[in-house]
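Participant: For reference, the chains in residue letters:
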Amino acid sequence: MIERQQMTWASASFGLVLLTLFIALIGVPLSQLFSELLPIDGSGLDALRQLLLQSSLPQSSLRTLAVALLVCVLASAFAVPLAMIAVRAHVSLRLLVPLLGLLPLVMPPFVTAAVLLYFADVLQLAGLDIWPDEWPMSGRLATLVLVYALHFFPVILFSLILGLDRVDRIFYESARNLGAGRFTAWRRVALPLAMPPFVLGAALVSLRVVEDVATPLMLDIDNLLAPQFVLRLAAAGPGDPLLTLAALVMVTLSALIVAFAWSALTPLPMRRAAAACPQPLRWRHSTGAALLGAPLILILAVLSLAPLLGLGLMSLANHWSGGPLPDPVSLFDYQALLADGLPILRATLAYAVVTGILLLGAGSALGWLSSTPGGLGRFTRATVNGLFAVPGLVLAFACLQTAGQFDWAQGAWPDLAWFALAAVVAVKLLPFAAYLVARQRRMLGRGGQESARTLGIAGPALYLRVVLPALVGTLGAVFLIGFAAAAWELTAVLVLLDGSSSPPPLTLSIFQTLQTPGGDRTGATQAILLILALLALCAIIYRLLLRRHWQRFVPATARRDAATQAL
Amino acid sequence: MTVSEPSSLELCDVDVTIDQQEILRNISLSVLPGEMFALLGGAESGKSTLLRAIAGLDRLSKGEVWIDAENITHTAPHRRGVPLMPQAFPLWPHMAVGRNVAFGLQRQRLSRREIRERVTRELEYVGLSHFRRHLPWQLTPSQQQRVALARTLISAARIDLFDEPFSAQDEQLREKLLRVLKGRQQQSALTTVITTQDPAEALRFADRIAVLHEGELQQVGTPVELYDMPAKRFVAGYLGSVNLIDGEIEYAGDQPLFRAENGIVIPLFDHPVKRARTGSAMFRPQDLRIVSRDAEPFGDEIRFSGRVERTEFLGDSLRHWIDLAGKAVCLDLRRDATWNSLHIGDQIVIGLDPAKIRILER
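So the protein sequences, as listed, match chains A and B.
Those letters in the first sequence? Residues 46 to 612, by this note's numbering.
Those letters in the second sequence? Residues 2 to 363, by this note's numbering.
Just so you know, these hints were derived from the structure itself, not from any lab.
Take these hints with a grain of salt, some might be off.
DEER-style ranges, computed between Cβ atoms [stated by the list, open to error]: (1) B/S143 / A/M488: 24 to 34 Å; (2) A/P514 / B/E45: 37 to 47 Å; (3) B/H135 / A/L301: 23 to 33 Å; (4) B/E45 / A/L61: 52 to 62 Å; (5) B/R117 / A/R232: 19 to 29 Å; (6) A/M488 / B/A70: 49 to 59 Å; (7) B/H135 / A/G431: 29 to 39 Å.
In this text, a Cβ means the ideal position worked out from N, Cα and C, and glycines have one as well.
All chains should be modelled from the sequences, with the hints used to inform the complete structure.
Facilitator: Right, here's the structure in full:
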């Protein structure tokens, strides 16, 4: 058992101040936003209900939920067999699964949608309306579900691998031994035990689907909640009360999803009963998994690589007549972007770095607070996890509304908008950052610090020589998460920067260029450059922080075992 | 409570290889109907693998497993009817205690009422009838073990397998749980195979014992046979304290003699001695007794002179290490009026009944 850190009164007071400040920073804009909806008398509530019923919000909310559900189902259909292989197949196959699974996550779903649209055009498919109009999910919604599933299935895949990996083989074997067939043992024992991480993964996917704007807009879908919100904002301005109502509906939807996930995550200690069995028994390699593995891995490779390859080809094509390769291949856009696009790159880089730093600061502080014992730690954890229920779209809108109430903020808005954007992206990532920091800090434990004290290291030296080195890899990862998420963030950008920003962030430029007729090649080039930049940053941070950290704190044999077992 | 007749188990020339590592070699043994059979051995001796092979969870690379007259070598684990309670007593954490216990019965297509009654009865038997709706993590480890025991016993199986079932428990609780298991086994005449690392546990509770060492079967027999007539030095040493004196076997005419390396000569009367030139004379510490120098020998008793080197307190007895011409042997004295009369450095004479001596191959 890992000991929680003890807290002095001074630390607790400082933590309390920090937490209050954080809650105020998030809570004030949100409460100001929703206070407009508070009925002063009975008629206010009626007016609210009338407004809701007269709008298309109920239909678009249901449609959004249906899309989220279908995405989870389709993504699970991709992920379940692959997760089984990752857990049970031979090592060489197992290593490939997460590697290939990571690829779709390096670019956002709206780029995948653009690639799909482009190739539908090249191959002269009928506009991607692959679903008959009379069916419930008509038109391009089915395409949207496919795009989301292709993009998000790794999230469910990794959740499932995590879930299955924590199920001791011995649980499954006991069921078999007591008379259950393979399927029954899987259904009644392995699957329920693997379910909590799976539900968490599905909830994360659903939350992203609820608040994503760019992908539906790329596919000309405007009857979902988030695109409707952004289009209404552009048309009617931030003062429209329907926008506030829509924000409330989005928060409610997100809260429902979070509540559902929370109920599935009800503490179910996976304590392995035997003290005599210190490590969980891993699944044995099965011949069936190995036989099925190769073709499934091939499918995964196709699913993962196709959008990236398509994007690469788009960026090189002057013209495409439907052959296996574009007719003339050109590097023109790469040269042009590197020559003319430096301001865009610089602005994006600066804002992404600010996001990373904000996330690092707030994530470390909240992670530290949430790893503390007692009520303060519990309250921090609840507050931070509660952020899952607030979509970035709503946060950005709340910032916009709050800024509108102050003259000084309106005057400084173009610059302030960048900062607000960075803050919104960082706040959305705070639950992950705080969890990572808290987890790493708990792993160090009180024992680690007490050992250092007995060896004569105390005070600031303790933090410099023990705590900080132990956290450095995690902090690097947190910064990287913030940087990468900011680089690809578009929903908050569309709310806060309204297309007038000059230079625009690269992701907005990509989105606008891809929507422009004939802008496929330039947009794809920009996307490729951003992907390459992110991969390079990942490599640099890995070399500078993560690998060093990994080598320092984990013995070689444990690293090898962990690498094998984690997969 | 068991509805089926006790079954016999037979292993024929069983080999098990896992991940290119040979875990078991040439294991052949029989378990009789209704007996409690112990597999005794140290860590990595292959006990657990042998149980898993019987349950069908590990495949045999060679050999056969028979239950009664049925060859189950290639039968799927869920069709064998041999529930195994693993060392890790893995209760499914998402199922309440009642559902955990009922799991095996639900596969037998019994009515809900019958399942409920049998679960209640089984939980009462292990003293946990009030915990039916609890989740496993709400129980203490010992309660969890009793649930695992109930889950294994309820299946009315042909043979029950227990892999070091209570090893994680303290001495008192382990003994209590073993008594519960033994009582149930005797009451229902269950054929039971149990593994253990503790020789005292095996000697006390098992009807017969098989000793395993490094994947090989050393000896099978009743507790008395194994203790008094071990076939190998490993078995002799594993089952209790033992004196082993290396030497050679000679013949004075037809009389076999054992000449120890320290020069002591021991005549071997009525003793089955193989025609091996070298061997080890084995006898237990409690086979030795202190005699007075001028007392008449008792029967064929052999006498040695030695010096007390050190003593150890064992609770109910005192162990004296005696130097016999350069070879230390131990002698246990029970706690009576003279139990602490010996002191370090005392010269004493000890007597040994030659019938208690066993010559083992080296």
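Participant: Does each hint hold? Answer for all of them.
Facilitator: Now the hints, each set against the structure:
For the hinted restraint 24 to 34 Å between B/S143 and A/M488, the CB-CB distance of approximately 30 Å keeps it satisfied. In this structure the hint that A/P514 and B/E45 lie 37 to 47 Å apart at CB holds, the actual value being about 38 Å. Roughly 31 Å separates the CB atoms of B/H135 and A/L301, a value that falls within the hinted 23 to 33 Å. The hinted window of 52 to 62 Å between B/E45 and A/L61 holds, with their beta carbons roughly 54 Å apart.
Checked against the hint of 19 to 29 Å, the C-beta distance between B/R117 and A/R232 comes to roughly 22 Å, which is consistent with it. Take A/M488 and B/A70: their Cβ atoms lie about 56 Å apart, and the range 49 to 59 Å holds. In this structure, B/H135 and A/G431 meet the distance hint of 29 to 39 Å, their C-beta atoms being roughly 31 Å apart.
Violated hints are absent here; each numbered hint is respected by the structure.
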